[in-house]
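Participant: As a plain string of letters, each chain reads:
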Amino acid sequence: KNEVEQSPQNLTAQEGEFITINCSYSVGISALHWLQQHPGGGIVSLFMLSSGKKKHGRLIATINIQEKHSSLHITASHPRDSAVYICALSYNTDKLIFGTGTRLQVFP
Amino acid sequence: KAGVTQTPRYLIKTRGQQVTLSCSPISGHRSVSWYQQTPGQGLQFLFEYFSETQRNKGNFPGRFSGRQFSNSRSEMNVSTLELGDSALYLCASSLAGWGPGTEAFFGQGTRLTVV
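Protein chains in written order, with our numbering: chain A, 1 to 108; chain B, 1001 to 1115.
Just so you know, the hints here were simulated from the structure itself, not pulled from any lab data.
Some clues are possibly wrong.
Going by beta-carbon spacing under 8 Å, a handful of chain B positions derived as facing chain A [as the list claims (entries may be wrong)]:
id	residue
1	Gly-1042
2	Glu-1048
3	Arg-1063
4	Trp-1098
5	Glu-1103
6	Ala-1104
7	Gly-1109
Every beta carbon over 10 Å from chain A, so not counted as near; a handful from chain B, in silico [as the list claims (entries may be wrong)]:
id	residue
8	Thr-1007
9	Leu-1011
10	Arg-1015
11	Val-1019
12	Ser-1022
13	Tyr-1035
14	Phe-1045
15	Glu-1052
16	Gly-1058
17	Phe-1069
18	Ser-1070
19	Leu-1081
20	Glu-1082
21	Ala-1092
22	Gln-1108
23	Thr-1113
The structure presented is a predicted model; accordingly, all values stated were derived computationally and were not measured.
Glycine included, each C-beta is placed from N, C-alpha and C at the ideal position.
Produce the entire structure from the sequences given, and follow the hints as far as they go.
Facilitator: Shown next as structure tokens:
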């Protein structure tokens, strides 16, 4: 069993829809990261969570440490949100373990 | 401040050759980690350096190696290239590693194609 599981693998939405991407993990962690990767490869860090909830613009990330689960929400989705969203775990100081990613396409 | 810089952005090599990729972290960051991304395997951890010392290594053959210089710039080397080494290689820098409160900063990656 993978240490981190993401769902769904692929997601298609109409502009304006509310989107949720889920991440479940099986190990104790020091932090969970949500990353965004656009075509072309570069990765941008969206959130780093160790507890609770964070919000940045239309993006909201939550984590439940007891249930080992995190969600990334996008409100009022837009075509520019189309990207691959990756959940990554850090549970020691020197490496990240990645989920398989969720490919999101938002159509106008 | 300048972000994480990876060079070159694109590279085409022939099987059997070797290649060196470079990563310049954000100024003041002392940890650099490397990752390989392929369509079949996703993102996989290669190794991490902190203050010129390799702290951890992923499950890759010895053909993959790296080093870090005193200015925190890091290089990774792949010898005897195989077709399966074709991938996007990403590096990330942080102040001291991936503990709580540490934000990840990634470079744009080097896309290596082995023919």
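Participant: Taking the hints in turn, state whether each one holds.
Facilitator: For each hint, the structure was consulted:
1. Gly-1042: holds (5 Å)
2. Glu-1048: Check passed: Cβ of B/Glu-1048 comes within 4 Å of chain A, closer than 8 Å.
3. Arg-1063: This hint is violated: B/Arg-1063 lies away from chain A, its Cβ roughly 20 Å from the closest one there, beyond 8 Å.
4. Trp-1098: holds (3 Å)
5. Glu-1103: holds (5 Å)
6. Ala-1104: With a closest approach of 4 Å, the B/Ala-1104 hint holds.
7. Gly-1109: holds (4 Å)
8. Thr-1007: Non-interface label on B/Thr-1007 holds, nearest chain A Cβ at 14 Å vs cutoff 10 Å.
9. Leu-1011: holds (13 Å)
10. Arg-1015: Holds: least Cβ distance 23 Å, greater than 10 Å.
11. Val-1019: At about 17 Å from chain A, B/Val-1019 clears the 10 Å cut-off, so the statement holds.
12. Ser-1022: Fine: 16 Å to the nearest Cβ keeps B/Ser-1022 off the interface.
13. Tyr-1035: violated (8 Å)
14. Phe-1045: violated (5 Å)
15. Glu-1052: With a cut-off of 10 Å, B/Glu-1052 remains clear of chain A, as the shortest Cβ separation is near 14 Å.
16. Gly-1058: The claim breaks: B/Gly-1058 does not keep its Cβ more than 10 Å from every Cβ of chain A (closest is about 7 Å).
17. Phe-1069: The claim holds: B/Phe-1069 sits with its nearest Cβ about 18 Å from chain A, beyond 10 Å.
18. Ser-1070: The claim stands: B/Ser-1070 keeps its Cβ more than 10 Å from every Cβ of chain A (closest is about 19 Å).
19. Leu-1081: holds (20 Å)
20. Glu-1082: Non-interface label on B/Glu-1082 holds, nearest chain A Cβ at 21 Å vs cutoff 10 Å.
21. Ala-1092: B/Ala-1092 is in fact no farther than 10 Å from some Cβ atom of chain A, at 8 Å.
22. Gln-1108: At roughly 4 Å from the nearest Cβ of chain A, B/Gln-1108 sits no farther out than 10 Å, so the non-interface label is violated.
23. Thr-1113: holds (13 Å)
Checked against the numbered hints given earlier, the structure breaks hints 3, 13, 14, 16, 21, 22 and satisfies all the rest.
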